[in-house]
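Enquirer: Here are the chains, one letter per residue:
4 protein chains.
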Amino acid sequence: MLEELKAQVCAANLALHAAGLAILTWGNASSIDRDEGFVVIKPSGVPYEGLCPEQMVVVDLDGNVVEGNLRASSDALTHLVLYRELESIGGVAHTHSIYASSWAQACRSIPCYGTTHADHFRGPVPVTEQLTPTALEGDYEVEIGEAIVRAMQGIDPGEIPGILVASHGPFTWGESAEQAAQHSIIVEQIARMAALTEGLAPTAGPISGQLRDKHFLRKHGAEAYYGQMQ
Amino acid sequence: MLEELKAQVCAANLALHAAGLAILTWGNASSIDRDEGFVVIKPSGVPYEGLCPEQMVVVDLDGNVVEGNLRASSDALTHLVLYRELESIGGVAHTHSIYASSWAQACRSIPCYGTTHADHFRGPVPVTEQLTPTALEGDYEVEIGEAIVRAMQGIDPGEIPGILVASHGPFTWGESAEQAAQHSIIVEQIARMAALTEGLAPTAGPISGQLRDKHFLRKHGAEAYYGQMQ
Amino acid sequence: MLEELKAQVCAANLALHAAGLAILTWGNASSIDRDEGFVVIKPSGVPYEGLCPEQMVVVDLDGNVVEGNLRASSDALTHLVLYRELESIGGVAHTHSIYASSWAQACRSIPCYGTTHADHFRGPVPVTEQLTPTALEGDYEVEIGEAIVRAMQGIDPGEIPGILVASHGPFTWGESAEQAAQHSIIVEQIARMAALTEGLAPTAGPISGQLRDKHFLRKHGAEAYYGQMQ
Amino acid sequence: MLEELKAQVCAANLALHAAGLAILTWGNASSIDRDEGFVVIKPSGVPYEGLCPEQMVVVDLDGNVVEGNLRASSDALTHLVLYRELESIGGVAHTHSIYASSWAQACRSIPCYGTTHADHFRGPVPVTEQLTPTALEGDYEVEIGEAIVRAMQGIDPGEIPGILVASHGPFTWGESAEQAAQHSIIVEQIARMAALTEGLAPTAGPISGQLRDKHFLRKHGAEAYYGQMQ
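Residue numbers (the working numbering), protein chains in the order written: chain Y, 1 to 230; chain B, 231 to 460; chain L, 461 to 690; chain D, 691 to 920.
No lab work stands behind these hints: they were computed from the structure. As the structure is a prediction and not an experimental result, all values here were calculated from the model. Glycine included, each C-beta is placed from N, C-alpha and C at the ideal position. Where hints are given, some of them may not hold.
[Unchecked claim] One-sided and incomplete, this derived list gives chain Y residues near chain L with beta-carbon spacing under 10 Å: (1) 46; (2) 104; (3) 105; (4) 131; (5) 136; (6) 165; (7) 199.
[Unchecked claim] The following residues of chain Y were derived to be distant from chain L, with all beta-carbon distances above 10 Å: (8) 4; (9) 36; (10) 50; (11) 54; (12) 84; (13) 203; (14) 205; (15) 213; (16) 223; (17) 229.
Using the sequences provided together with the hints, build the complete structure.
Expert: Quick look at the structure:
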């Protein structure tokens with residue numbers, strides 16, 4: 001079942017690895033079939049070398065395995081919260097990429113210091129609150145998902161396609177697994193540029209809302225004029 | 231038409247990508263046929279993988295498409311301002327490369343800290359002023375071009391073959407698309423070295439004008455003795 | 461003899477090189493056959509290009525060569541101390557990887573700043589004391605091993621699978637040479653993230669013991685639920 | 691003539707490029723035949739892609755071309771000073787590698803912060819004085835060579851196989867072109883580690899002379915026990 005989605009999800013996982021964002025087994029991507037209500041996700045702890053579509057695991061939105069012989073990613077429950085709560089998204093990716101994870105470890109959101117950032121995120125890349133001791137003792141991966149959802153309250157996930165989980169690393173999303181993985185690449189780039197920008201100009205501030213919106217809307221929404229007409 | 235120029239422009243775009251300066255679709259190179267008054271440029275939002283000369287778009291100096299089925303780069307109007315105003319140049323490149331963009335985001339020109347810089351730029355790599363709110367509301371890409379031209383007033387574009395657009399990233403130029411792309415590679419290198427130099431010597435100052443000119447003129451102009459006789 | 465172990469040790473050495481942790485001849489990995497009491501290790505000063513299992517050297521736990529025409533790694537005596545004193549380990553790796561060596565040169569242990577670290581190390585990556593002048597004059601490589609063992613006193617090597625030798629670089633271990641090499645890769649990643657974290661948040665502190673243990677125990681021990689059931 | 695030496699020099703130049711130390715045409719390696727008194731060196735401004743032994747230029751110690759259709763590297767006169775004054779060396783390499791050049795631009799010698807450094811340099815990597823205005827007006831490349839020789843006075847070039855030219859970049863040497871190129875790789879590594887070390891421990895000092903000598907002499911000289919017996 002869902003052969004095409006499995007191929008897409010496998011390709012997105014491989015893209016994370018090829019881009020250097022996920023070494024060893026440190027990352028996972030998934031996608032949802034909204035009609036079926038099924039999510040396809042990477043199996044847990046399986047290396048990227050040799051990863052193939054048949055290894056992808058199909059789960060329902062409650063986390064029950066629908067198909068697959070392998071255990072789903074240990075982060076699957078986080079993905080599922082995002083699919084349940086952010087209804088416009090079609091794919092999710094998670095990595096421990098160096099620069100984005102360092103911002104996460106610093107428990108800082110990434111300010112919008114330039115147009116590269118604004119082309120893809122219409123504002124800072126947010127960071128979640130720390131989980132409480134009670135949440136850590138609870139259903140941990142679900143709690144992470146809920147911390148993300150709380151931090152995204154009032155924010156359009158189409159305008160802010162990713163977040164940093166405090167002390168952990170980035171989660172990104174998009175219309176598809178491919179786009180979610182691409183947003184992981186983008187978060188890593190802007191995380192790196194932002195760190196360098198602060199080194200070069202310790203008192204740097206974010207760009208104006210006008211410049212930010214000019215760039216974001218050049219690429220997104222009804223007035224976009226970047227790229228080719230579909 | 232302009233088959234050779236299309237091949238050169240395509241190759242220059244691929245060179246930006248191969249050098250790691252332009253990921254996803256973040257960069258573009260162009261070249262001008264001064265006799266025809268036509269500019270060949272990368273299409274907008276098309277990935278580098280599989281990019282081929284036939285996809286290049288031909289526009290006139292007013293931005294009218296002369297040939298090509300794809301939309302020209304969204305930065306085409308900036309390129310055109312440069313071709314109109316900097317009459318000695320034959321190629322333009324634009325990237326969001328990490329280090330040069332970080333200097334741009336810091337809104338700082340890159341001081342000439344060493345001979346690697348001076349071999350290619352006879353002075354700092356300038357940074358433009360920020361666009362005004364009015365300019366941002368206007369013909370944005372043209373305004374960027376004009377901000378570049380203002381910052382280049384009184385400077386020989388053959389001696390300073392590139393600039394940083396504030397909060398954005400580098401534009402470079404040269405006699406050809408190939409040389410423009412090479413200058414993008416060079417700006418990234420000297421941007422990186424300059425950031426490291428400041429880390430190692432926070433009070434570092436630029437090299438002397440004499441050392442700078444010695445190096446620049448060793449490679450450029452009538453007295454150059456670097457490289458092979460043409 | 462020990463053909464399979466030689467192949468594993470050779471592969472682990474090549475993995476260090478492939479991961480960019482060991483250039484030129486700067487690194488070595490070994491493994492022990494606990495039944496025989498023999499250790500297989502890389503030969504000294506032999507480049508990774510073309511390294512093959514037949515070149516591996518077999519020594520006993522006192523350092524006597526049991527098989528092999530080449531001299532064992534100059535660090536062999538350090539490996540042997542670790543095998544004698546840390547009885548649970550099956551493989552050892554040593555590199556001069558950039559970030560981990562820089563922490564070692566700074567004579568600092570790596571604080572546990574995030575979950576990437578906690579997934580693999582249940583606490584800081586320790587750093588040894590400096591060797592005394594007397595130790596430096598003595599059996600140097602044995603003294604390094606003993607400094608590591610002293611720093612590991614009261615620490616489970618399964619929970620802290622590596623250490624930094626002050627002013628020198630990382631040694632890591634694991635159940636096998638492959639796992640030891642993997643821990644070298646991990647130490648380099650977390651060393652890099654930790655340096656960046658301090659740049660972004662100079663007053664950053666380690667994550668809570670609860671979050672650290674949650675992550676470590678998600679991957680290790682009886683309650684682990686990461687990865688596939690064996 | 692000197693076919694073998696040309697092949698070695700070509701290979702050393704390609705090694706600089708393959709190691710990422712020399713992009714575009716930014717680097718050169720040479721070697722000397724002491725019996726003939728001839729030096730083989732890279733031609734000026736020729737890219738590394740496709741570089742072949744036949745393109746190497748043969749010059750005598752006064753800089754006269756003995757064989758070759760191409761102009762010798764513009765840095766040839768610097769190499770020749772080194773061959774004349776440092777009689778024990780057989781090869782020279784020069785690059786604009788990122789980290790070593792940044793230390794050069796900071797006009798700082800690289801302190802010996804760890805054993806990776808001490809394994810190859812028995813003390814700091816020195817930096818030359820700045821050239822005087824008069825020297826800059828004179829025979830520039832010869833003046834650079836003489837500045838290097840002055841900075842090396844009283845230092846054994848076998849113990850300190852390279853130097854930073856202030857505001858410029860590294861020159862390294864060795865018994866052969868291959869070894870000179872290898873020392874360029876090493877200088878870049880230790881330059882990078884040293885910069886990171888200072889970031890992690892701003893008050894870091896060099897390692898003790900005893901530890902430094904222990905490591906240097908483990909690899910070099912009569913008592914060396916690293917590597918295989920020749």
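Enquirer: None of the hints should be skipped; say for each whether it holds.
Expert: The hints, checked one at a time:
For residue 46 of chain Y, the interface hint holds, since its Cβ comes within 10 Å of a Cβ in chain L; the closest pair sits about 7 Å apart. Given hint, residue 104 of chain Y at the interface with chain L, holds; its Cβ is 7 Å from that chain's nearest Cβ, closer than 10 Å. The interface hint given for residue 105 of chain Y is met, as the beta carbon of that residue sits about 4 Å from the closest beta carbon of chain L, less than 10 Å. The interface hint given for residue 131 of chain Y holds, since its Cβ lies 7 Å from the closest Cβ of chain L, which is under the 10 Å cut-off.
Taking 10 Å as the C-beta cut-off, the interface hint given for residue 136 of chain Y holds, the closest approach to chain L being about 5 Å. The interface hint given for residue 165 of chain Y holds, since its Cβ lies 8 Å from the closest Cβ of chain L, which is under the 10 Å cut-off. Satisfaction of the interface hint for residue 199 of chain Y is found here, the shortest Cβ-Cβ separation to chain L being roughly 7 Å, below the 10 Å cut-off. No beta-carbon of chain L comes within 10 Å of the beta-carbon of residue 4 of chain Y; the shortest separation is about 25 Å.
The non-interface label for residue 36 of chain Y is consistent with chain L: the shortest C-beta to C-beta separation is roughly 25 Å, beyond 10 Å. Residue placement check: residue 50 of chain Y keeps its beta carbon more than 10 Å from all beta carbons of chain L (closest about 14 Å). Annotated as non-interface, residue 54 of chain Y keeps its C-beta farther than 10 Å from every C-beta of chain L; the closest such distance is 15 Å. Listed as outside the interface, residue 84 of chain Y is consistent with that label: its C-beta sits roughly 21 Å from the nearest C-beta of chain L, beyond the 10 Å cut-off.
At roughly 15 Å, the least C-beta separation between residue 203 of chain Y and chain L is larger than 10 Å, which holds for a residue marked as non-interface. Taking the minimum C-beta to C-beta distance to chain L, about 16 Å, the non-interface status of residue 205 of chain Y holds against the 10 Å cut. Every beta carbon of chain L lies more than 10 Å from that of residue 213 of chain Y, the smallest distance being close to 26 Å; the non-interface claim holds. Under the 10 Å C-beta cut-off, the non-interface status given to residue 223 of chain Y relative to chain L holds; the minimum distance is some 35 Å.
The Cβ of residue 229 of chain Y lies farther than 10 Å from every Cβ of chain L, with a closest approach of about 40 Å, so its non-interface assignment holds.
Of the numbered hints listed earlier, not one is contradicted by the structure.
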